[in-house]
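Each chain is listed here by its residues.
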Amino acid sequence: MATEHPPDTVVRFDGVSKQFDSEVLALDDVSLSVRAGEMVVLLGLSGSGKSTLLRHVDGLQRATSGTVTVLGTDVGRARGAGLRRLRHRIGFVFQQFHLVGSLTVLENVCTGALGRLRGPRLGLLSYPRTVRHEALRHLDRVGLLSQAFQRADTLSGGQQQRVAVARALMQRPQILLADEPVASLDPESSAQIMRLIKEIGEEEGLTVLCSLHQVDLALSWGHRIIGLRAGRVLMDSPVSALTRDDVMSVYARLGVATPAVLTAKAG
Amino acid sequence: MTVATAVAPTPPSPPPPADPATAPRTLPRPRAGGVAAVLVMTALAGFACWAFADLRINAATLVDSASNAVDFTRRMVPLDFPPVAEVLRLCGQTMAVVVCATLLSVLLSVPVAVLAAGNTTPHPSARFAARAVIVLARAVPDVVLAIVFFRVFGLGALTGVLAMGLHSVGMVGKMYADAIEQIDEGPRTAVRATGAGRLQQLVSGVLPQVLPSLVANALHRLDINLRISVLLGFVGVNGLGYEIAGALNALNYRRGMALALIVLLLCVLVELLSGTIRRALLRNAAAGGRARGVRGGGARTAGGRTGLVRTVPAPIAAAPAAAARAAATRVSPPWNARRVRRTAYAAMTLLALAASVWGAGLAPGQFFGALGNIGRTLGLFWPPKTGGILPDLLSDLFDTVEIAFAATLIGLVLALPVGALAARNVAPSPATAAVFRVVVVLVRGIPELVLAIVFVVITGLGPVAGALALGIGAVGLLGKLVADSLEEVDPGVEAALRATGAGRWQVFCSATLPQAAPALVGHVLYQLDVNIRSATLLGIVGAGGIGFDLLNASRVLDFGVVTTVLVLVFATVLAVELLAVWLRRVVR
Chain A
0 MATEHPPDTV VRFDGVSKQF DSEVLALDDV SLSVRAGEMV VLLGLSGSGK
50 STLLRHVDGL QRATSGTVTV LGTDVGRARG AGLRRLRHRI GFVFQQFHLV
100 GSLTVLENVC TGALGRLRGP RLGLLSYPRT VRHEALRHLD RVGLLSQAFQ
150 RADTLSGGQQ QRVAVARALM QRPQILLADE PVASLDPESS AQIMRLIKEI
200 GEEEGLTVLC SLHQVDLALS WGHRIIGLRA GRVLMDSPVS ALTRDDVMSV
250 YARLGVATPA VLTAKAG
Chain B
0 MTVATAVAPT PPSPPPPADP ATAPRTLPRP RAGGVAAVLV MTALAGFACW
50 AFADLRINAA TLVDSASNAV DFTRRMVPLD FPPVAEVLRL CGQTMAVVVC
100 ATLLSVLLSV PVAVLAAGNT TPHPSARFAA RAVIVLARAV PDVVLAIVFF
150 RVFGLGALTG VLAMGLHSVG MVGKMYADAI EQIDEGPRTA VRATGAGRLQ
200 QLVSGVLPQV LPSLVANALH RLDINLRISV LLGFVGVNGL GYEIAGALNA
250 LNYRRGMALA LIVLLLCVLV ELLSGTIRRA LLRNAAAGGR ARGVRGGGAR
300 TAGGRTGLVR TVPAPIAAAP AAAARAAATR VSPPWNARRV RRTAYAAMTL
350 LALAASVWGA GLAPGQFFGA LGNIGRTLGL FWPPKTGGIL PDLLSDLFDT
400 VEIAFAATLI GLVLALPVGA LAARNVAPSP ATAAVFRVVV VLVRGIPELV
450 LAIVFVVITG LGPVAGALAL GIGAVGLLGK LVADSLEEVD PGVEAALRAT
500 GAGRWQVFCS ATLPQAAPAL VGHVLYQLDV NIRSATLLGI VGAGGIGFDL
550 LNASRVLDFG VVTTVLVLVF ATVLAVELLA VWLRRVVR
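Chain order of the listed sequences is A and B.
The letter at position 48 of the first sequence is residue 47 when you use numbering that gives the first Met the number 0, and the numbering goes up by one with no holes.
The letter at position 490 of the second sequence is residue 489 when you use numbering that gives the first Met the number 0, and the numbering goes up by one with no holes.
Keep in mind that a hint or two might mislead.
Label pairs and their in silico Cβ distance ranges [claimed, not checked]:
no. : chain 1 : residue 1 : chain 2 : residue 2 : range
1   : A       : G36       : B       : P29       : 42 to 52 Å
2   : B       : P29       : A       : S155      : 50 to 60 Å
3   : A       : R171      : B       : P29       : 48 to 58 Å
4   : B       : P29       : A       : R84       : 55 to 65 Å
5   : A       : R84       : B       : M347      : 56 to 66 Å
6   : A       : S155      : B       : E487      : 24 to 34 Å
Facing chain B, according to a computed beta carbon distance under 10 Å, are these residues of chain A, among others [said to hold, decoys possible]:
no. : residue
7   : R78
8   : S248
9   : Y250
10  : A251
Calculated from the model, a selection of chain B residues having no Cβ within reach of chain A, i.e. all distances over 10 Å [unchecked claim]:
no. : residue
11  : R28
12  : L352
13  : P390
14  : L415
15  : V440
16  : G491
17  : A494
18  : S509
Quick caveat, the hints were computed from the structure, so don't treat them as lab data.
Glycine is no exception: its CB is placed at the ideal position from the N, C-alpha and C atoms.
Construct the entire structure; sequences and hints are all you get.
Below, the structure is given as structure tokens:
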């Protein structure tokens, strides 16, 4: 595994393992580094550790051993306000959108600004006008300006995910994490969301870590693919060096011979 | 309560610009329903605050009452407990009545619920009728029923069993109907597809799914009925409550408070017992759901091992060998530890029920004999009369409503923090949540009657005692409901906001509270509804309001006035109920 890290590394895992209360080892000695502006796709079977890996990046889960360094901060040691400041620089898009269905679309986007606002907020009026304007701009960008005052639960799945992207943008993030952002969507909405994330990522110079299930989408979308199996990094390679069959082998059953390309190193 | 979703006032709005992107509105246009909901809720909250002030519930009143409290304590100690045998007899008597009443309510509620549930009702008109029965049963206070039945059946268990049993249908029936409407239709469809009749579908497709909730709700009602039965002692339902009423009427506080302490212990005991059973049931139901697939498969391969299948039709292509094997295999479940345990529990339950029916001494002869003059007795209650005291009645009714509102306000102010701290996803640590859960259970265990008596003695007869007793008692119910509805929110949304870097309070206000808000509004209105009925009840022990008129009228055999009071209370409760239904629909 990579031991030297280029100076523009924004995410670094050093020998990270995560053990849940049972004997399940969700991450098993994972080491990797991601450079600023990279778009990385995580591939792997369900339960291979993709979500766990993403959740370690912004400290929603903590490593059992090893260190996770993000934007120069040791995530495992960050607590309280420090951790919240770090999280505010990292956008997170979830598979299940996680919007408050009974609130308006606009208020859901505004909640992305909570990390830089003081105190609790209840109701749109409690957000400063400038925040609301900024939220409207982000909604415009994801193409949902006209739905700003609808309840979030009246939108389709694809629209809700775009709202979630707008909420993440509201954080003015440096890193965007996406945990199977299109797994609950139809192919057309999926393509739309992935295009949106890519466009925004390139325009804003974001570092994007995105877990996916669709091999073809991964090949056409990312710069680099990391394949996980049973919590271990099985493959870490630039997309240009991979064929579809190489990638499919991540999904192959255990015991199948490992192709040589899987040992290729990234960058 | 602020509801984030409802509306925000119109900003001093400039005319909408041509291009929405340059100067867009940053606030939604108010909706008529939302504005109305906010106005109504503000008005309710305002009235509650006014009631609180008008009843002079403040520190000064309490300080003034301190000397009363000292005086009372002096007259109360040493407590004068009856002999142990007597205590056990009274507890047994009370429990017998309560169990019988709950049993009656379950027996009545099951058919009513089947008719009232949208997916099992034979006809929309039957559904409407069943729903009407449920609302009626809920709106007629049990104490009114008790007064009526006391007149018909006299002193004894029958009065209490019928009064609580019929009134409970209002809650139990509604819960059962809701449970039936929430089932997975799949199994029932499958049963229907085999050619089963309507009743067979209910028993094989619906009952297994709702059984845990059936038992859990019955146990919950048992807790409630136990507290109510004590109050009903004041209008002639025998048991612990009757003895307390007698002791207090004779100003024998030593005996009265000793009995009240026994009631408290009994309530906490029953609460703990039923809570344990309910948790075990729900856990079993959840575990059963996960294991069902596996067990079902096992049963199939073993050739119809399940005890439910009485006749095992031969498979179409069964080879003779297979048939012989099936014949040799036992067709009832093996007596493993699980089955022994279940049978033992079932037997214990049946035994307890039988003992209660026997112990309550329900005499069928008395019942049918009295049924003969029920027409004449009910004639006493008609027509409603005001006895020339209508203004007094109305003013007392207003007192009762005031007490209920003030109590709900006190309850809300206490229950919100307690409930929030008892919710695992909100409390700062799991230990805090556990501690506050225990607090809620303990408060729930204290019967309102005991609180009311204590406050009546401390603050004197009147509405302050009632409002304080109900307000503190409300922490038990409302605190639990608040904690439950906070715990039921989608944790993903909270995680999403934590991931944006939001702090604890921000996550609570922006994710947890908005998701729980509709449920919270519903619970507060439910508590208000409960409090109006309870305020009526507590009036009977001298905590102010219209309950006192009710008791007086029934003592002087002025049954026309009883009917008038009944109609007044009924109308009030119904009005609150309708308001609640409307608000719940708007604030979703």
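Cross-check of the supplied hints:
Between G36 of chain A and P29 of chain B the CB atoms are about 45 Å apart, so this pair conforms to the stated range of 42 to 52 Å. One distance hint, 50 to 60 Å for the beta-carbon pair P29 of chain B and S155 of chain A, is violated here, with the actual separation near 26 Å. At roughly 31 Å, the beta-carbon separation of R171 of chain A and P29 of chain B lies outside the given 48 to 58 Å, and the hint is violated. Range check, P29 of chain B to R84 of chain A: about 37 Å between beta-carbon atoms, so the 55 to 65 Å window is missed.
As the Cβ distance of R84 of chain A to M347 of chain B is approximately 59 Å, the hint placing it in 56 to 66 Å holds. As the Cβ distance of S155 of chain A to E487 of chain B is approximately 25 Å, the hint placing it in 24 to 34 Å holds. At its closest, the beta carbon of R78 of chain A sits 12 Å from a beta carbon of chain B; the interface hint therefore is violated under the 10 Å criterion. For S248 of chain A, the shortest C-beta to C-beta distance to chain B is roughly 32 Å, which exceeds 10 Å, and the interface hint is violated.
Hint status for Y250 of chain A relative to chain B: violated, with the closest Cβ pair at about 25 Å, above 10 Å. Interface hint status for A251 of chain A: violated, as the beta-carbon distance to the closest one in chain B is roughly 28 Å, over 10 Å. A cut-off of 10 Å between C-beta atoms contradicts the statement that R28 of chain B is not in contact with chain A; the least separation is 7 Å. Against the 10 Å criterion, L352 of chain B stays outside the reach of chain A, whose nearest CB is about 41 Å from its own CB.
For P390 of chain B, the shortest C-beta to C-beta distance to chain A comes to about 44 Å, beyond the 10 Å cut-off, and the non-interface label holds. With a minimum CB-CB distance of about 14 Å to chain A, L415 of chain B clears the 10 Å threshold, and the non-interface call stands. Non-interface status of V440 of chain B relative to chain A is upheld: no Cβ of that chain comes within 10 Å, the nearest being about 27 Å off. Listed as a non-interface residue, G491 of chain B fails to keep its Cβ farther than 10 Å from every Cβ of chain A; the least gap is roughly 4 Å.
The Cβ of A494 of chain B does not lie farther than 10 Å from every Cβ of chain A; its closest approach is about 6 Å, which violates its non-interface assignment. Some Cβ of chain A comes within 10 Å of the Cβ of S509 of chain B; the nearest lies about 5 Å off, and the non-interface call is violated.
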